[in-house]
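Using my numbering, the first residue of the sequence shown is number 556, and each one after it goes up by one.
Hints may contain errors.
Label pairs and their calculated CB-CB ranges [said to hold, decoys possible]:
(1) Arg973 to Ser936: 22 to 28 Å
(2) Ala786 to Leu576: 14 to 20 Å
(3) Asp841 to Ser936: 37 to 43 Å
For the record, the hints were derived by calculation from the structure and aren't laboratory data. Note that the structure is predicted; figures quoted are calculated from it, not measured. Ideal placement from N, C-alpha and C gives every residue a C-beta, glycine not left out.
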Amino acid sequence: MTAVPAPRATALLTRLAPRTLRGRLSLVAFTTATLLMVILTIAFNTVVRHHLQRQADDVLGTRAAAVATTIDTKGPKVRVLETSNDALLDSNVWIYAGRHLLEQPSSTAAHGPLGRVAEGLVARGGRDCVTVDGHRVHRPVRLCARPVPTRAQGGAATVVTALDLSPYRSSADTLLLGSFVLDAVMLACTYALTRLAVGRALRPVGTMTDQATQWSAVASDERFGTVQRPAELARLGASLDELLDRIRAVLRHERQLTAELSHELRTPLSRIVAELDWWQARPRTDADTKATHAVIADAAQSMRTICDTLLNDAREGTPTVPGTAGVLPTLRHLTTALTAPARVTVEVHGEDERLEAGVQAALLERIVSPLLANAVRYARSYVAVEARRTADGIRIDITDDGPGVPESFTGQLFQPGRRADPDDEHGGAGLGLPLARRLARSAGGEVRHDPRHTPGARFVVSLPAG
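All chains should be modelled from the sequences, with the hints used to inform the complete structure.
Quick look at the structure:
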């Protein structure tokens, strides 16, 4: 017979094992109950068999005591007295005087299997029992010897009694069969009740799983912690709540990143569209075409820089890459690329041309660009950008002479998607100021609004020095 290789046997057991937690727990309970039932059944039936054997020995002892009363041991010889119940006492009884057989069952030959066993018990001195079973007799028989003291010559008398064990064995076998039937019923009930109990216990888990899946898909505010549950389910609910909070944060971060990319890419994309419309309006010279190509290339590079800057900042755990940038050249580049109304004048001032900020030029552009675009959008006639060195680093002020920020709105100024007056006919999604502050903070700086400046608005950018 070929043995099954261990890996194949393991794979077979893995395929046969239940795939659900309910099935596995039921199988564990069934296996444990089976082992326990087998142990208890063996122990119970062993005790029963010993008890039945003691009962048979008691019957044999009682019978031997009754037979001993018919033996006369007072004379010089041992003799058996005749009684009214002589036939009953002579049934399966041997009486010996020393080693000499005085009486034996009429149905048993003196030298038959049982007779030889009786002689062996007498030879061992009596007070012993033995069971004769197997091929020597048709039925199991229990024989016990009991010595009877006497003063006659030839030694003590011995009574050997025999008892058919078939009824006792039959009772033991019936109990064993009944135990197996009871075990089978108990195991079936155990398996069924375990599956039912585990199914009912796991039903809230399935419900919570479905709810978590539904809530995560729609970024719901509902949570499991608001409902009283057992301790185990409460811990599971707390874990699922934390997971839902993380999922919601990821979704919010994803929407924020998408909105910020859309917001920042709108300006260079508008430049490309406007330049193409201008170039296609009528035939252009080679110089005009080259100028258009240069503008489109610059806008495309700006879009690429915007994507790289925002994506790098969005990577969790990835700090802002260190670098330095010339502040005034970067500000002049922004104002040159800015599309401002004809009525608005944009001026850039600085106390030192060598002024450097401790951030990359692309990140500096992304911080200042929303503030500058916001100032140009609301300014009446001018926008002033001033850069100078402070004790803590670099400070950039973006000032305009527009209507300013309403005092009631200053608390919501840097919240994403909030605008003081959504119906003021100015474009914007309320994302520029939050983006500028978030990028500045990622570089160790800050963006704030100066409420003391009137009229108009002033935003202050603080960055580490280069």
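Results of checking the hints against the structure:
A hinted range of 22 to 28 Å holds for the C-beta pair Arg973 and Ser936, which are about 27 Å apart. The beta-carbon spacing between Ala786 and Leu576, approximately 19 Å, falls within the hinted interval of 14 to 20 Å. For the pair Asp841 and Ser936, the supplied restraint of 37 to 43 Å holds, since their beta-carbon distance comes to about 38 Å.
Violation of the numbered hints given earlier is absent; every hint is satisfied by the structure.
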